[in-house]
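Asks: Below are the chains, spelled out letter by letter.
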Amino acid sequence: MSIDSMFTHKMWNEDELSKMVDGGVPFPMLSDAGGKVGSVYGVYDEDAGVEARGRFIIDPDGVVQGYEVLTPPVGRNVNETIRQVQAFQLVRESKGAEATPSGWRPGKATLKPGIDLVGKVWKEWKTEQAFD
Amino acid sequence: MAEEAAVGCARPTGGPVGEEPDNTATSEQQPINEEHSMIKVGKKAPDFTAPGFHKGAFINTKLSDYLGKWVLLCFYPGDFTFV
Numbered sequence: 000m001s002i003d004s005m006f007t008h009k010m011w012n013e014d015e016l017s018k019m020v021d022g023g024v025p026f027p028m029l030s031d032a033g034g035k036v037g038s039v040y041g042v043y044d045e046d047a048g049v050e051a052r053g054r055f056i057i058d059p060d061g062v063v064q065g066y067e068v069l070t071p072p073v074g075r076n077v078n079e080t081i082r083q084v085q086a087f088q089l090v091r092e093s094k095g096a097e098a099t100p101s102g103w104r105p106g107k108a109t110l111k112p113g114i115d116l117v118g119k120v121w122k123e124w125k126t127e128q129a130f131d
Numbered sequence: 000m001a002e003e004a005a006v007g008c009a010r011p012t013g014g015p016v017g018e019e020p021d022n023t024a025t026s027e028q029q030p031i032n033e034e035h036s037m038i039k040v041g042k043k044a045p046d047f048t049a050p051g052f053h054k055g056a057f058i059n060t061k062l063s064d065y066l067g068k069w070v071l072l073c074f075y076p077g078d079f080t081f082v
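For the protein sequence lines, the chains are A and B, in the order given. According to numbering that gives the first Met the number 0, the residues represented by the first sequence are 0 to 131, in order. According to numbering that gives the first Met the number 0, the residues represented by the second sequence are 0 to 82, in order.
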């Protein structure tokens, strides 16, 4: 979503993005001319008239589980976004029985919060696991 | 005289020049809108509708149509910006 019109989205997809991704952008490219939606989400910069690089993870109940906002010159890390979605999906599927510690990615151990884990995380999780 | 503009990642915009308009009269009439709708994790994402482009067609999208699915909502400064 950006302040560009849907017409500009069409041209950008046809002229440039479809040359980066086969078949073009697979998801909806939304127009927020005037920045009304961006204002509600806190990413619209009124002075510049554009939106920051905001990224919101919204779960199937419509609840915001996480977000990240960057200023324009620095791009996102899509792998990290996908990792976070995978983590939120795992937690949801476990109905909160499992939690993903720092550095978790699919295949790595989760934690099972409970009275037995109090003060014992050091046994279950090592600092190296925070890093890939 | 037009100057050559530096090309950056922020979308360049214009705006009024010269003295700022006198707002004192209107600011008394209009109460300052202090409604800061902050996004909070664990709270509902504000619903919205937006026009857009998807798979060769112009569409109208509503966030709440995606209930039941995981959604990544991404904002960016503008089409044809570099990053």
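The set of hints was computed from the structure by calculation and includes no laboratory data. The beta carbon of each residue, even a glycine, is placed where N, CA and C say it ideally should be. Hints may contain errors.
Claimed, not checked - Below, simulated DSSO-like cross-link-like pairs (lysine-lysine); rule was C-alpha separation at most 27 Å, straight line:
hint	chain 1	residue 1	chain 2	residue 2
1	A	Lys-9	B	Lys-42
2	B	Lys-42	A	Lys-94
3	B	Lys-39	B	Lys-61
4	B	Lys-39	A	Lys-9
5	A	Lys-111	B	Lys-54
6	A	Lys-94	B	Lys-54
7	B	Lys-61	A	Lys-111
8	A	Lys-122	A	Lys-107
9	A	Lys-94	B	Lys-39
10	B	Lys-54	A	Lys-119
11	B	Lys-42	A	Lys-119
12	A	Lys-9	B	Lys-43
13	A	Lys-119	B	Lys-43
14	A	Lys-35	B	Lys-61
15	A	Lys-35	B	Lys-42
16	B	Lys-54	A	Lys-9
17	A	Lys-35	A	Lys-18
18	A	Lys-111	B	Lys-68
Unchecked claim - Pairwise CB distance ranges, derived in the manner of DEER restraints:
hint	chain 1	residue 1	chain 2	residue 2	range
19	B	Val-16	A	Arg-104	24 to 34 Å
20	B	Ala-5	A	Glu-127	43 to 53 Å
21	B	Glu-2	A	Asn-78	37 to 47 Å
22	A	Gln-85	B	Lys-43	16 to 26 Å
23	B	Val-40	A	Gly-74	27 to 37 Å
24	A	Gly-95	B	Pro-45	17 to 27 Å
25	B	Gly-41	A	Lys-111	15 to 25 Å
26	A	Phe-87	B	Asp-64	36 to 46 Å
27	A	Val-73	B	Gly-67	24 to 34 Å
28	B	Val-40	A	Asn-76	32 to 42 Å
29	B	Ile-58	A	Glu-127	21 to 31 Å
30	A	Lys-119	B	Asp-64	14 to 24 Å
31	B	Val-40	A	Lys-111	43 to 53 Å
Asks: Of the hints given before, which are not true for this structure?
Replies: Numbers 1, 4, 5, 6, 7, 10, 11, 12, 13, 17, 19, 23, 26, 28, 29, 30 and 31 - these are the hints that the structure violates, sorted from lowest upward.
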